[in-house]
Amino acid sequence: SAVISQKPSRDICQRGTSLTIQCQVDSQVTMMFWYRQQPGQSLTLIATANQGSEATYESGFVIDKFPISRPNLTFSTLTVSNMSPEDSSIYLCSVYRDLKDNEQFFGPGTRLTVL
Amino acid sequence: EDQVTQSPEALRLQEGESSSLNCSYTVSGLRGLFWYRQDPGKGPEFLFTLYSAGEEKEKERLKATLTKKESFLHITAPKPEDSATYLCAVSQSGGSYIPTFGRGTSLIVHP
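Residue numbers (my numbering), protein chains in the order written: chain A, 1 to 115; chain B, 1 to 111.
Bound conformation, chain A alone (with noise of 0.2 angstroms):
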């Protein structure tokens, strides 16, 4: 299995400010993904991170709002940007370890309140 960490674990912010999480993992991976999941809603995918390359986002999720850095191959930030309440939420970063085997890791998840 993949051990993921992520920093911080939780925070309160204010309205208009920025939040940047981390993300480790304790071996290289090629792809690492950053997830949002609001209470009651499906896990969503906000994008997708290589190493060396920008990352690629998903419908409905933009690089000014969400800024994502990949400067390794064990290690990732996501940056919520310019927050407000509706940005309250849980952000989990994943990782595959083999993407033949399909097994999805993922890592304990930052929970984020705006005020």
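Hints in this document: simulated from the structure, not taken from any laboratory. From a predicted model like this one, the values you see are computed outputs, not experimental measurements.
Straight-line Cα separation of at most 30 angstroms, DSS-like style, residue types lysine-lysine; simulated pairs:
hint	chain 1	residue 1	chain 2	residue 2
1	B	42	B	59
2	B	68	B	57
3	A	7	B	42
4	B	42	A	65
5	B	79	B	42
6	A	65	A	7
Please build the complex by placing chain B on the supplied structure of chain A, with the hints as guidance.
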């Protein structure tokens, strides 16, 4: 239209009371169907992958089955430690391998 629909949204069982969770899906071609368990304050934990109708997989008190339209997660003689949210996800063949998740079923097992 949701590709993955899970029911019920919430389920309360007494310890030892077996039941099933349902995951209905609508994709043109199924690459894989996945079950995850998520405990409060934690990320989802992988349980099973099913690839074709008729396939079954078991893990302790859990058994996952698959038909062409739905999957069931059967819980036999559940214990309080089985309390969690169970997520279903499907990946469509011929497209992105990234799965689409359902909203989950919240299971509470009372002692």
